[in-house]
Each structure stands twice: as structure tokens, then as C-alpha cells.
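Novice: These are the residues of each chain, in order.
There are 8 protein chains.
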Amino acid sequence: MAELDELDKKILDLLMKDGRMPIAQIAQQIDLSRVGARERINKLKKRGVITKFIPLIDNIAIGYTCSAFLDIEVGPQSLETVAEDLSKLEEIMVVYLMTGNVSLHAHALMRDNKHLAEFLRTKIYPIPGITNVNVSVMLKRYKTELNLL
Amino acid sequence: MAELDELDKKILDLLMKDGRMPIAQIAQQIDLSRVGARERINKLKKRGVITKFIPLIDNIAIGYTCSAFLDIEVGPQSLETVAEDLSKLEEIMVVYLMTGNVSLHAHALMRDNKHLAEFLRTKIYPIPGITNVNVSVMLKRYKTELNLL
Amino acid sequence: MAELDELDKKILDLLMKDGRMPIAQIAQQIDLSRVGARERINKLKKRGVITKFIPLIDNIAIGYTCSAFLDIEVGPQSLETVAEDLSKLEEIMVVYLMTGNVSLHAHALMRDNKHLAEFLRTKIYPIPGITNVNVSVMLKRYKTELNLL
Amino acid sequence: MAELDELDKKILDLLMKDGRMPIAQIAQQIDLSRVGARERINKLKKRGVITKFIPLIDNIAIGYTCSAFLDIEVGPQSLETVAEDLSKLEEIMVVYLMTGNVSLHAHALMRDNKHLAEFLRTKIYPIPGITNVNVSVMLKRYKTELNLL
Amino acid sequence: MAELDELDKKILDLLMKDGRMPIAQIAQQIDLSRVGARERINKLKKRGVITKFIPLIDNIAIGYTCSAFLDIEVGPQSLETVAEDLSKLEEIMVVYLMTGNVSLHAHALMRDNKHLAEFLRTKIYPIPGITNVNVSVMLKRYKTELNLL
Amino acid sequence: MAELDELDKKILDLLMKDGRMPIAQIAQQIDLSRVGARERINKLKKRGVITKFIPLIDNIAIGYTCSAFLDIEVGPQSLETVAEDLSKLEEIMVVYLMTGNVSLHAHALMRDNKHLAEFLRTKIYPIPGITNVNVSVMLKRYKTELNLL
Amino acid sequence: MAELDELDKKILDLLMKDGRMPIAQIAQQIDLSRVGARERINKLKKRGVITKFIPLIDNIAIGYTCSAFLDIEVGPQSLETVAEDLSKLEEIMVVYLMTGNVSLHAHALMRDNKHLAEFLRTKIYPIPGITNVNVSVMLKRYKTELNLL
Amino acid sequence: MAELDELDKKILDLLMKDGRMPIAQIAQQIDLSRVGARERINKLKKRGVITKFIPLIDNIAIGYTCSAFLDIEVGPQSLETVAEDLSKLEEIMVVYLMTGNVSLHAHALMRDNKHLAEFLRTKIYPIPGITNVNVSVMLKRYKTELNLL
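Residue numbers (this note's numbering), protein chains in the order written: chain A, 1 to 149; chain B, 1001 to 1149; chain C, 2001 to 2149; chain D, 3001 to 3149; chain E, 4001 to 4149; chain F, 5001 to 5149; chain G, 6001 to 6149; chain H, 7001 to 7149.
The set of hints was computed from the structure by calculation and includes no laboratory data.
Some clues are possibly wrong.
[Said to hold, decoys possible] Non-contacting residues of chain F with respect to chain G, defined by C-beta distances greater than 10 Å in every case (computed): (1) Met5021; (2) Ile5023; (3) Leu5032; (4) Arg5034; (5) Gly5048; (6) Thr5051; (7) Asn5059; (8) Tyr5064; (9) Thr5065; (10) Phe5069; (11) Glu5084; (12) Glu5090; (13) Asp5112; (14) Leu5116; (15) Ala5117; (16) Lys5123.
[As the list claims (entries may be wrong)] SDA-like, lysine to any residue: derived pairs with alpha carbons at most 25 Å apart: (17) H/Lys7123 to H/Glu7145; (18) B/Lys1088 to G/Gln6077; (19) D/Lys3088 to C/Arg2034; (20) G/Lys6045 to H/Ile7026; (21) H/Lys7045 to G/Gln6077; (22) G/Lys6140 to H/Thr7144; (23) A/Lys17 to B/Ala1117; (24) D/Lys3010 to C/Asp2018; (25) G/Lys6140 to F/Pro5128; (26) C/Lys2143 to D/Arg3141; (27) B/Lys1140 to H/Lys7045; (28) H/Lys7114 to B/His1105; (29) G/Lys6052 to H/Gln7028; (30) A/Lys140 to C/Arg2047; (31) G/Lys6088 to B/Ala1117.
Predicted model, so just to flag it, every value in this text is computed and none were measured.
Cβ coordinates follow ideal geometry from the N, Cα and C atoms, glycine included.
Please work from the sequences and hints to get the whole structure.
Specialist: Pasting the structure below:
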């Protein structure tokens, strides 16, 4: 486990606000040399704290208005193969196994309810080993933040 | 809704691989001038496609090994106030209302099961209006990708 | 209970195909005088078999693309008042009490998922006596026919 | 999507009250010529707003006193074939796929509970691919209106 | 606990076939004197084996065609008072507490579904302390025998 | 359907109190001749109102202290054969199909919990077509009356 | 966390077989001096590995034939006080909070089903804050071992 | 069933406090000779009241921080073979059949959530006959006592 000191946390806070903030600006805000700031960030990457930088994309802005959760019940003997089949689908963002029943939690982004229906019928329901799929659709988003610290 | 052309998609793909990729490198890879590339990215931000850039942080690397889903059942009359109370808690990343029952789906990151128990008892259970909380803990992560396109 | 003879059934079949079919055309198709046909239809109305004639409206054609079922759980002591409150809402087409739990089954037509979310939050959840609402959204319609005979 | 203006809505309201109202009467009530009124109605049909005119039949008046909802659980791989088999049964009015579990919602009209039992045993339970059927019977009807606008 | 010997069992078998079989006939069939047979039966009553003799009444023959099971969920603090309230209703034949949830299992006989709806709304739902009632209606009776031995 | 007049009801009430009450005593209590009383009772039997007379046996008095409800889930295609298999078991008193899920409700009387466990494992679980059995045990009996009128 | 070496594990194995095994016998079996063996055991106690020694009592041998699991649902705001109330009852062996719903898992030992019913009605149901209790009774014990290593 | 007198109970109480208490000390505390005390204890063992003496081991102290309950649903026809397969796994402490559904209740001790995930995927899910596994993890222990008397 990586121990983060105060400086690490400040850097992460700055990067959370703007992941493309130039090193010079970061260095200035935390009273460090540019070289020192760059080293710190590189260390955070080497220690696995930062895995990569990404742009946050607003799915509604690009026409994906239907955010769906799939709770996919699986015969216990088929868990691994179903998890692999699901992971290959690009419409699916995450696949998790949670405590509770033997089911895989997945999150998919669709253009609308009709797109979702087609996706279920042509890509999910035919996967062998799936015994049930509980589908729910997002009605309202109250919070999505990613400030973990 | 924003219509993305092929160039937009290529830029987003590159930024997904490395959100801090310099403009010069992006411009070169898509055969555009630096100014053109910068303008494209700025437009993606102005149209709301890219909301911001963030570093992806590995929660396990910083000692948050317990990823928990909370399915929080609420008396229908209290939905809004409970959603607000939950959104204020910094341990909680997302709060959604889905179809299905009147319950708020939340995602929390905790150091371990013991931390989770304390969090539930001191911060979640006392919130007025909550009638039940179904807690599940992540056992295995098969996929987490964020390439939406 | 009204006993329907063969002639009644033929008339109802014709009206099911086109509820505005002129008497003359009906009379001709069933080998009856116009007066006889009109009398038959009037009798079907008097005996309560036909309650009224309506146009079938395609909800999607007028922009109501989200068809929702609400399974509304109610404290048993509040059943009647909740049923009345629901019946007053014009977005709700039907309100039924079924066997199973003490819940009212309702069917609502909404423009889209966002409209549904607002409707739930402002018109359904605040109704006193409701303890839970299970919401589901139609994904695909395989059959809707109204030929009862 | 069809945009309805005030005149369209008034015409639909009148037809909802009496689907066989003569053109002359409609024309008079909305201050339009007969030709104009007829044109409007024809347009509503051409644009798909009105699909057809039907008589509303009171199922109890013709001896069908038992209105049943069937929630038919299906192995995900058999969804399409079961939906087709169900749609062929004339006792079944509607077949829908909703969010929630992989189950088809159907509505059937039966003479009485005994008729329902026979129908289930001889026509529904033998359909291959069905894993469970949850049957509920209507106890009370609080509202059935079809004024969609 | 009462130990039944072979003679006791034969007597009970005969009475199960015809509860009004005269002592003389019973005595003859089991090779006992009338006095002996009567004594045996009296002993079965005194030891509490036979509590009383009743006629079995066919509920359908007298127009009670709807046999309903009520699974009545109760706040744990109200169990006793609800059980008493239910026991006073003459439409209810049996009231049991089973393992599983805090709910009272009751069996009621009704003329038809409509009678059941009225009974629920006027006599069951208003009872204070009841939080839910799950109603099911008998569709088919495969066996009802009362030969306990 | 048999219409019962006041006299019929009085006779049934008397027989409910004591199913072996002599005709003479019944006749006297309802101010009728012996012949008249006997005729009345015979008619009640001929019309199917009274199916037979039985002694009520106290299961606890004969050592059957464990009264169990079995809710037996069945693949819909196997309903009839499972119902037959269950009906053949003498430990099972009643087998019903109810609305709700495809499951058979059965009632069994057992000496104790251990007897129940053996019965389930050797006689119920091996029946082909059964997919689940929900077992509950009676904890308290608040009412068992059989006065149907 | 205590690291156990091979010797520690051997000692624990021996004590698992017989918790009153004399030091001399343990010492001999693991080729250690008596003083060494005693020291080892004392260290296991000091480090908290062994908390105490107990006799395993066969509940059936002392007439407690009914082993019950209680799944006690609680309003989230009352969790702590209900947990305390339950912990004070001597009939209850364990009280746990698990993931899943807000409910306390408890294990109780009772003489028989009747004792359990009385215990529930007089000691559990009256506890304020409890909203439901799901009771199950052990039917068969396939394994109870405590060899943790 | 073994009847315990006051002396038996006192001895069990003392042994519950310290299962390795020397005979001499027990004898002194209950005013009995050493021989008498030893005889009493031997009788408790012979009658099956005490089955053996064990050390209570603190699972957390030895690094097993994750205590899991598994509710293992089984096809009724496979109950016995699954129960045997589970009983052979040394990570599983107890295997019970309870009333309720056809499922085996098991208790397992794991080092952490990750260990649990591996255990489920490699040792539990592959067992043939298992149809579902509901996993819950202990969040807080309020009471674990073993004083049965």
C-alpha cells in the first residue's frame, strides 16, 4: 500500500480539478520546483496510485441518454465464461462480482430505451449460462464525483 | 446532441489512452495542425462532450480495498432529502435513482470491512427517512473501461 | 350477463376492424336491413356490451415514448385514499387492485425517462400513504389486441 | 413525431367522447367546414396518431369476469419464441417486455377462476422455455381511461 | 401423548368413512361388544384424540366458490392483537403463526372475487397493525383428505 | 348452487356442534318431526352440501406435534405429475394450486422436526420436476373453526 | 496478526482433539520440554490466539432440541439499541450484523417449537425498533467443526 | 434426555469459565471430594452432555478477518451430495439444513475479501447441483457466548 503525504494529496487534488494542468502551474501552487513536481507525479504513477489520465465524457452530450444497470444471474458453474463474454462487449463499461447472489453487476450506456431492448435481445440474452437479467434504467443522477481522498 | 465526426472520435481515443498527451503529438497523429487540434479539443469541451480531465486513481494502491454498493431504501416522501444527505458524504462517489424500487444506489470506497461497518453505523443508518440499506461488497472486478464511443 | 348470438359477434368483429363503419355497410355485410343493424348495435349499447367508441391513439406518434408500469405499495389502511389520489392524475391511464400484495397497479405514459423521473418525484412520491413504488419501463411490445371474443 | 395543434387536440377530445360522432357534428363544434374537419381526421390517421376506431367492450357484461395478469419468467435464451407463442393465444390481450427481470407481462380475460386454471394448465404451462408464471387476479378497478392528451 | 393400539386405529378408520356410523355397526366390524365399542370411543374422546364430530360441508355447493389464503404481515409488536381481531371474523376459518416472517396465515371462504375484494377492503385492511396482506386465490384442489393415521 | 333456508342452517349449526347428535334431538330442537329432520339431512347430502361426517382428530394428542406447510415450486411443464406424486403421499393432507407462482401448497403432519427432515429428504426432494421447497413449521394456532355459514 | 509456526499449529491440533490434555502429554507428542510446551500455550493466550477453553455441550442431550436462526430486521436508526437488547437475552448465543439488509442475525437454542413460539412472542417481538423477524429452524446438521487451521 | 441437577450446572458453569480448571479447584468450589467431582464430569461426558473440550481460537488474531455466511441453493434432488461436498472443505465450519428454501447454510472463515472471492470461484461455484450462492460478510459481532444453560 502506498502512503500518501500531504504534498501527494495536494497534487492529486489539483489534477482532479484539471488533469491537464501544466507541471509549471502545479509546481507553483505547491511551492516546489518543476523537477520536483514532475518527479512526484511520476512516483505516483510508478507506485500505481495514478493508473492513467482520461477525459470525462458526458454521455448525454453525445446522445447516449439511457444509462442501464444489468444484474445478470448466472449458473455458478458458468460465472467465469459469462464474465468474459460480457467483458468483450464494448457497450458494457464495468463488470463486477459482488457479495449477495451469484450475479454479475454490469453498467451499460445506450442511446435510448429502444436501443437497450435491442442490445438485450441480440447481445445479452443469447449468452449461454445466463439464467436471468434484471434491468434497471437510471432516472436521476444526484452525484458523480471521483475525489477519492 | 453533439454529432461527433471521425476526427473527433480519433482525438477522444488518443486522449483516452493518455489524457495528458501534448497537443503536438495529437496533431501529428491525426494529420492536423497544432492550432486545428487545439481548436477541436476546445470545441469538444465547449459542446460539453469533454467535461474535464482527471487522473484515474487505483483505490487499492492507496489502501481503500473495500468497494461497497449501497442500495438505500427510502420512504418515497423522503427521497430528495436523503439524496442530498448522501451526496454530502465524501466517502460516497455516486448517488443514483434507478427504476425498480424507491431506493438510491450509492457507491462507497472504504479501507476494509471494519471501516465499512463504522461508516454505516455512524453516517448512513442515522439519516432520517432511510428504511433499509442493502450492502454488498465487491469480490472481483472483471472490467472497468471508460471508452464510451 | 349478456348472451351474444352469432349476429352480435359478427357485428362486433366488423366494428373492431373499423369502429366508424357506416350502418349501411354493416347491414350489407351481415345480410340485415339498416334498421335491423342499427337496432342490434343500440341493444349492444343498452345491455352494456359496448360502452363507447374510441379512436386508438399511438402514443409514440405523439411523442410519448416511455410507457411505465407503477406497482405502488400502500399501507393497507390508506388503500382507498391513495387509489383516489392516483385516479385524479391524468398521466395515469389505469389503476387496479390485484391479488398479491396490497399494492395498486398503475400504467402511465410519459414523453421520456426524464419526464418519468420528474413525474415520480413531483406527483407520485409525495402522496401520503405510499410506502414504495416499483417502476418498470416498457422495452418491447409484442402484442396489443382488443378482440375480446 | 407528430406535433398536435389545439384543433387536433379538440378533435381527439370529441372522438374520445364518441368515436362515431358524425363529421358534421365535429365540424360544427370546432367551427370548421365539414371538408376541413374530415381532412384533419384523415391527416391524424395518415400521420399515425389515430391507428383505428374501436368499440370499448365491457368484459363483465359478456361473462368474462376474471381479469388476470401473468408475469411469465422465461429463460433469457427463449424470450423470442415464448413471446411469439403467447401472442398467438387469443385469450391474451397484451404481451410486453418490461425492465426488471426477464419476464413477459401478459393480460388475459377469463370467464372465472376455474376457466383461468384450465387455461394455465393447458395453454400456458406447457409452453417450452417458461420457468415460472406469477398469476394475479384483478380485485377492483379504480380507473380505466384512455384520454392520453 | 396417547398411544393408539390397532383397535383404536380401526375405529378411527371406520369413523373417518362415516362419522355417524351407529355403534352397533362399528362393534360388529371390529368384533367387539357394543359396550366395548362405545367405551373405546368415549376413551378416545376423553384422551383428547377425538375432539368432536362434524359434517364436512362442500363450500362450492353452497355458493362459496372462492377460497383465499391471506398472508398477513404484522408489526411484531402487534401480533397478538391482530391475531385476535382476525379470529373474530367469521369469514376466516384458520389463523396460524408459522416460521418465516412475522405474518399470520389465514384461510377465508368467499362467494367470488368481488366478495373477496369487499371483505379485504372493509374488514381486513382497516385492522391496525397490519402492514401488508398477500392474497392468493385457489385455482385447483388436488387433494383434501383428513386421514391422519 | 344449493339455496339454504333458515331450517337448513339451524340443522347444520347443530351438527357442527355435535356431528353424531341423534335425529330425535335435532328434530326436537328445530320443532320438526323426526321424519322431517331426517329428510332434511338426507337432502343436504343429496344436494352435495354435506359430503360426509368425520371425527376431528387432535394431531398433538396422537403425537404428531409438527404441522408443516410446504410451498413446492415446480417447473410449469411438470405441474400435473408432481401434483399426482404429492397426492399419493399419506403424510400430506392437502395439495392446492393457488394464484401467485407455479407452486403447489401442501400441508403435512409430522411427529417432530426430525421426522419432517427425514420426510423431506426421502419423499419430497427426490420427486422429479420439483425445483424448490419452502418449508415452514406452525408455531401457534390462533383459530381453527369449520363453521362455514 | 499472530504468525503461527508449525509447533503452534501442532499444539492447537492436539488441544482441539482434547482441550484438557495435560501439558506432559502435549510436550511428549511434540518433542518439547514441559516448560517449553507450557510457555508456548501461554504465549498463544497472551497473543490472543486462544481466548479460553470451553467444554462443547450437546444441546440435544440436555433437552434443547430446537435450534433456531432469527433474521431480525431493524429500522436502521434502531440498530444499536436492538443489538444491545438482543445480546442481553440468555437464550441467544450469537448476534451478528452482516452485509445484505439491515438485519441482525441471531442464533437461539430452544427446548422445542412451542418454547420457540413463546420466546418469540414474549421476548423478541416486543423489542421496540424491530420491524420483522424471519425465523428458521434447523432440520439437519451436516457438519460442525472448529478446526480453523 | 439428560436431567441436570444443580451440581451439574455449577460444574458446567465453572468449566465454561475455564475449560482447563483442575479437578481439585472445581471440587473445592462446589464442596465435593475430588473423586466426586471427577465422577460427575465423567458422567456428563458419558451421558453425552459434554462432547469434548476445545480452545476458543480468535480468528482475527490469526489473520482470518473475513467471516462469511453462504446460503447455498441446491436443486432438491442434489441436496445430499452437495452437503457432503461442502462438509469436506476445511474452510467451512458448519453446514446446516434449515426450514425455508432448499438451501444449505454454511459458515466459512477467510483471510480477507480477496481470499473469499478465490474460495468461491475455485471451490464452491464448481460443485455440481448448486444453483445459487448468497454470500454475506460479517460486519460486526455483538455477541458470541456459549453458555447454553
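Novice: It remains to establish, for every hint, whether it holds in the given structure.
Specialist: These are the hints, each one checked on the structure:
F/Met5021, annotated as away from the interface, keeps every beta carbon of chain G farther than 10 Å; the closest lies near 34 Å. The claim that F/Ile5023 is not at the interface with chain G holds, since no C-beta of that chain comes within 10 Å of its own (minimum 41 Å). For F/Leu5032, the condition that its CB be more than 10 Å from all CB atoms of chain G holds, with the nearest at approximately 46 Å. For F/Arg5034, the condition that its CB be more than 10 Å from all CB atoms of chain G holds, with the nearest at approximately 46 Å.
No Cβ of chain G comes within 10 Å of the Cβ of F/Gly5048; the nearest lies about 38 Å off, and the non-interface call holds. Separation of F/Thr5051 from chain G is adequate, the least Cβ-Cβ distance of about 32 Å exceeding the 10 Å criterion. Once the 10 Å rule is applied to beta carbons, F/Asn5059 is consistent with being away from chain G; the minimum gap is 13 Å. Against the 10 Å criterion, F/Tyr5064 stays outside the reach of chain G, whose nearest CB is about 12 Å from its own CB.
The beta carbon of F/Thr5065 sits about 7 Å from the closest Cβ of chain G, which is not more than 10 Å, so the claim that it is off the interface is violated. The non-interface label for F/Phe5069 is consistent with chain G: the shortest C-beta to C-beta separation is roughly 13 Å, beyond 10 Å. With a cut of 10 Å on Cβ distances, F/Glu5084 stays outside the contact zone with chain G, its closest approach being about 26 Å. Distance check for F/Glu5090 against chain G: the nearest CB is about 21 Å away, which clears 10 Å, and the non-interface claim stands.
Distance check for F/Asp5112 against chain G: the nearest CB is about 8 Å away, which does not clear 10 Å, and the non-interface claim fails. A cut-off of 10 Å between C-beta atoms contradicts the statement that F/Leu5116 is not in contact with chain G; the least separation is 7 Å. Separation of F/Ala5117 from chain G is inadequate, the least Cβ-Cβ distance of about 4 Å not exceeding the 10 Å criterion. With a closest Cβ-Cβ approach of about 14 Å to chain G, F/Lys5123 is found to remain outside the 10 Å limit, as its non-interface label requires.
A hinted pair counts as satisfied when its Cα atoms are at most 25 Å apart, and H/Lys7123 with H/Glu7145 does not qualify at roughly 30 Å. Taking the CA atoms of B/Lys1088 and G/Gln6077, the gap is near 19 Å; set against the 25 Å cutoff, the hint holds. As the CA atoms of D/Lys3088 and C/Arg2034 are separated by approximately 35 Å, the hinted pair breaks the 25 Å bound. Proximity of G/Lys6045 to H/Ile7026 is assessed by CA-CA distance (about 22 Å); at most 25 Å being required, the pair is judged to hold.
For the hint pairing H/Lys7045 with G/Gln6077, the CA-to-CA distance comes to about 46 Å; that exceeds 25 Å, so the pair is violated. Among the hinted pairs, G/Lys6140 with H/Thr7144 is consistent with the structure: their alpha-carbon atoms are about 22 Å apart, no more than 25 Å. Among the hinted pairs, A/Lys17 with B/Ala1117 is inconsistent with the structure: their alpha-carbon atoms are about 31 Å apart, more than 25 Å. The straight-line distance between the Cα atoms of D/Lys3010 and C/Asp2018 is roughly 21 Å, inside the 25 Å bound, and the hint therefore holds.
A distance of roughly 22 Å separates the Cα atoms of G/Lys6140 and F/Pro5128; the hinted pair therefore holds under the 25 Å criterion. A distance of roughly 22 Å separates the Cα atoms of C/Lys2143 and D/Arg3141; the hinted pair therefore holds under the 25 Å criterion. This hinted pair does not check out: B/Lys1140 and H/Lys7045 have alpha carbons roughly 47 Å apart, beyond 25 Å. Of the supplied pair hints, the one linking H/Lys7114 and B/His1105 holds, its CA atoms being roughly 24 Å apart against a limit of 25 Å.
Between G/Lys6052 and H/Gln7028 the CA atoms are separated by roughly 21 Å; this keeps the pair inside 25 Å, and the hint holds. Between A/Lys140 and C/Arg2047 the CA atoms are separated by roughly 49 Å; this puts the pair beyond 25 Å, and the hint is violated. For the given pair, G/Lys6088 sits about 22 Å from B/Ala1117 by alpha-carbon distance, which is consistent with the 25 Å threshold.
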